[in-house]
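Peer 1: Listed here are the chains, written in short residue letters.
2 protein chains.
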Amino acid sequence: MRVALLNTGTELLLGDVQDAHLAFIAREILPLGLRIEEQRTVPDSEAIRRSLAELFQRCAILFVTGGLGPTSDDITREMVADLLRLELRQSPDLLASLKRRLRVRGIKWTSGIARQADVHVGAKILPNHNGSAPGLYLCANINPQIQSPHLFLLPGPPRELQPMFRTFVMPILRSIVPASDLIERRLYKIANKGESLVEEAVGQHVLAIPGIELGYCARPCEVDVRIVGKAEAIERADAVIKSILGPAVFSATDETLEEVVVKLLVQRNQTLAVAESCTGGLLANRITNVPGASAIFSAGYVCYANQSKIAMLNLDSQLIEKHGAVSEQVARALAEHARACAKSDYALATTGVAGPSGGSPEKPVGTVYIALAGPGETIVKKLFFPTDRETFKLIATQAALELLRKKLIAT
Amino acid sequence: MRVALLNTGTELLLGDVQDAHLAFIAREILPLGLRIEEQRTVPDSEAIRRSLAELFQRCAILFVTGGLGPTSDDITREMVADLLRLELRQSPDLLASLKRRLRVRGIKWTSGIARQADVHVGAKILPNHNGSAPGLYLCANINPQIQSPHLFLLPGPPRELQPMFRTFVMPILRSIVPASDLIERRLYKIANKGESLVEEAVGQHVLAIPGIELGYCARPCEVDVRIVGKAEAIERADAVIKSILGPAVFSATDETLEEVVVKLLVQRNQTLAVAESCTGGLLANRITNVPGASAIFSAGYVCYANQSKIAMLNLDSQLIEKHGAVSEQVARALAEHARACAKSDYALATTGVAGPSGGSPEKPVGTVYIALAGPGETIVKKLFFPTDRETFKLIATQAALELLRKKLIAT
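Going line by line, the protein sequences match chains A and B.
Per the working numbering, the first sequence starts with residue -18, numbered consecutively.
Per the working numbering, the second sequence starts with residue -18, numbered consecutively.
Just to be clear, a hint being listed does not mean it is correct.
Heads up, the list lumps identical chains together, so a pair's fine if it works in one copy or across two of them.
With a Cα cut of at most 30 Å, we get these calculated DSSO-like pairs of lysine-lysine [claimed, not checked]: (1) Lys362 to Lys344; (2) Lys363 to Lys89; (3) Lys89 to Lys388; (4) Lys105 to Lys344; (5) Lys363 to Lys344; (6) Lys89 to Lys223; (7) Lys324 to Lys303; (8) Lys344 to Lys89; (9) Lys363 to Lys80; (10) Lys303 to Lys80; (11) Lys362 to Lys303; (12) Lys388 to Lys324; (13) Lys89 to Lys105; (14) Lys387 to Lys324; (15) Lys174 to Lys89.
Hint data in this document are derived by calculation from the structure and do not stem from the laboratory.
Here chain A stands alone, though its shape is the one from the complex:
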């Protein structure tokens, strides 16, 4: 079945907001053997009508996102009604639930809000538990006189669309997709290795397996190897990849590096503290994004300023003066002192020059020391990632987490 996604929203084409729906929906529907074959973005204008008309002809399932809200630029509902010559009727139930929602949250009623209770005759309401605009499902050829695909009108904000999709859209998709052969997608994530090296290692061996589609995706300090195919071919490719890459693969089940590290610590009943200079809290933030991190996360010291390295972690001011805050010695001391202060099993520390300013000939922007203090020893690595500030922080935390992961799986 041909599937397409139409994102509506002038804010997308003006760059005020980035689309998250394509990635989310693609991953959700893949196990049904469905792939999005075309995705388009159009502004809140007549372009919606034109694209809808074109896509109605071409696809069997069409997801449309955005334009269901209360403001004057929300016109998707009306354009679909117009194209399919369907009447919009106010749903008393929806109106009552909208009023209730606003009352509970103490939000004032404005005139546009009631439009969100309008429903195409024959459409199914997809309840929105995280916002006011409901989604709508219009089955294929809902008006028998006009050719149309299975049409899902979904709200723009990802935190509204995503739970709605899982709870209400997926069951409908399962009922309309023929019980054809299921396919599978697997992702192998590798930290600290280049894309070319990874391809050279596994490429030809995986491509020798019939029925496997192979792809790579390079991210900051990470390469993802992706295979798609039927179950039997996937199992063969899986064995090949695992035998070649071994423990370099930090996840074969689409976990983040922080999820893997938290899981390893939980399994070992061990704890972690972090002392962050140049990464400024990102390492703690990534770790605490993982549900259940409270079991293993002892403390985070964001000691950006030299004074705070001394005050928070009792660093010797002379050590900083002698070697500089960005040095192997200070990285080592930060990790060891954080481990001692927090009484944790492990401690990671980062100190470096994130830029854009603050570099010097000996320590240019991009220089970073990563230290790991553990029960046995302290490891310090010097790395160099000359890039923008936020990518630098991301790569430095990635390198720190990978250092800890390697230590944990080796002990």
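Please build the complex by placing chain B on the supplied structure of chain A, with the hints as guidance.
Peer 2: Okay, now just chain B, sitting in the frame of chain A:
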């Protein structure tokens, strides 16, 4: 001039990676009076050829991203050569610079890498200072026998594309765009207010100004009001919006809330510490994402565990026992102790239930206390954001930063 963007990459349609190019390019080209009128995403397959052929007919400027790398699924260069019947020739200069780049970084040479030195006859090379694959510019109708737009082939990774776009693509665009009337886009960002309320306040007044396109974008704990139009109309709308919304607008120049807060603190020569329980480092991370934050950021205490609240910030264990870690009293103590420990002018603290587990009938998931300790007084706010863990953290930090901003502009 009609502008389109074609993103290539199976990883985009499988959901392994999210597009960032549409937003970036849209914002860069708007001041030239250019808007992307259509954006498409297609997989690394024959679909690229089909979309290129369709878009060649329709637009005057076409940006194509991805598919220029060294791996077997990188086929954009070859498909363009094929469609435009242009020969690809290896550039000795590019080959030499690729070899140099790999040598410096200690990356092994693999056979696919040399393809990145292939250039269409007549194309202009757009140097890549952040990766190996160069971009290419093919002027309109580069092969006089085939209709084609101004065509920019750009690398997939945003950190490669973005500097290349600013340095090499923008000058070319300025030379091909007619010196028509420039347009302008302005964005007004408001924290802690609903979209409907904002529209009710400003909507009709702004729409009464001819030539203004008005839009809204709702984000977690933020509404952005966007106006687009010619300079004179923009100035009128700007005055109207500012007079109605006043200090509720935290930025009219597209800054983030953390940028605004850091700037206010720098102007006042004041410092900030943070004590984060439920936000787990995100607040420190947001603040330290701002270049120059080191001047104002004293210290960050990520005291997720109760024990770390006591050890890092000398909280009274009985206070936590009596009121619970998620309480007005503990929030207040965290902020006041952080301010004292870090000897800062202000301190923000967060404590709450991020979920998905850990809630109780009195303190359900989504409950959060935000505290601000300052020279005069300590303010504590109880808020309720029942949502997913990461959005919760984002909203809680947004509320904390807005609390500080309001305090700073009022004093």
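Peer 1: From the Cα coordinates, with 30 Å as the cut-off, is the pair Lys362 and Lys344 best called within, between, both, or neither?
Peer 2: So Lys362 and Lys344 pass the 30 Å test inside one copy only (14 Å; across, 43 Å).
Peer 1: From the Cα coordinates, with 30 Å as the cut-off, is the pair Lys363 and Lys89 best called within, between, both, or neither?
Peer 2: For Lys363 and Lys89, only the inter-copy Cα distance (20 Å) is at most 30 Å; the intra-copy one is 56 Å.
Peer 1: State whether the alpha carbon distance between Lys89 and Lys105 is at most 30 Å within one copy, between copies, both, or neither.
Peer 2: within (28 Å within a copy, 57 Å between copies)
Peer 1: As a check of your reading, is Lys388 near Lys324 (CA-CA no more than 30 Å) within one copy, between copies, both or neither?
Peer 2: within (19 Å within a copy, 37 Å between copies)
Peer 1: Using 30 Å as the alpha carbon limit, work out where Lys387 and Lys324 are close: within a copy, between copies, both or neither.
Peer 2: within (22 Å within a copy, 38 Å between copies)
Peer 1: Could you figure out if Lys344 and Lys89 sit no more than 30 Å apart (CA to CA) within one copy, between two copies, both or neither?
Peer 2: Close across copies (26 Å), not inside one copy (56 Å); limit 30 Å.
Peer 1: From the Cα coordinates, with 30 Å as the cut-off, is the pair Lys89 and Lys223 best called within, between, both, or neither?
Peer 2: Only across copies: Lys89 and Lys223 sit 22 Å apart there, 57 Å inside one copy, limit 30 Å.
Peer 1: Classify it for me, Lys174 with Lys89: is the Cα-Cα distance of at most 30 Å met within a copy, between copies, both or neither?
Peer 2: between (53 Å within a copy, 11 Å between copies)
Peer 1: Cα distance capped at 30 Å. Does Lys105 pair with Lys344 within a copy, between copies, both, or neither?
Peer 2: neither (62 Å within a copy, 35 Å between copies)
Peer 1: With identical chains treated as interchangeable, where does the CA-CA distance between Lys89 and Lys388 reach 30 Å or less: within a copy, between copies, both, or neither?
Peer 2: between (55 Å within a copy, 26 Å between copies)
Peer 1: Given a CA cutoff of 30 Å, do Lys303 and Lys80 count as a within-copy pair, a between-copy pair, both, or neither?
Peer 2: Result: close neither inside a copy nor across copies, 66 Å intra and 39 Å inter.
Peer 1: Taking 30 Å as the upper bound on the Cα-Cα distance, should Lys363 and Lys344 be classified as within, between, both, or neither?
Peer 2: This pair counts as within: shortest intra-copy Cα distance 11 Å, inter-copy 45 Å.
The structure shown violates the earlier hints numbered 4, 10.
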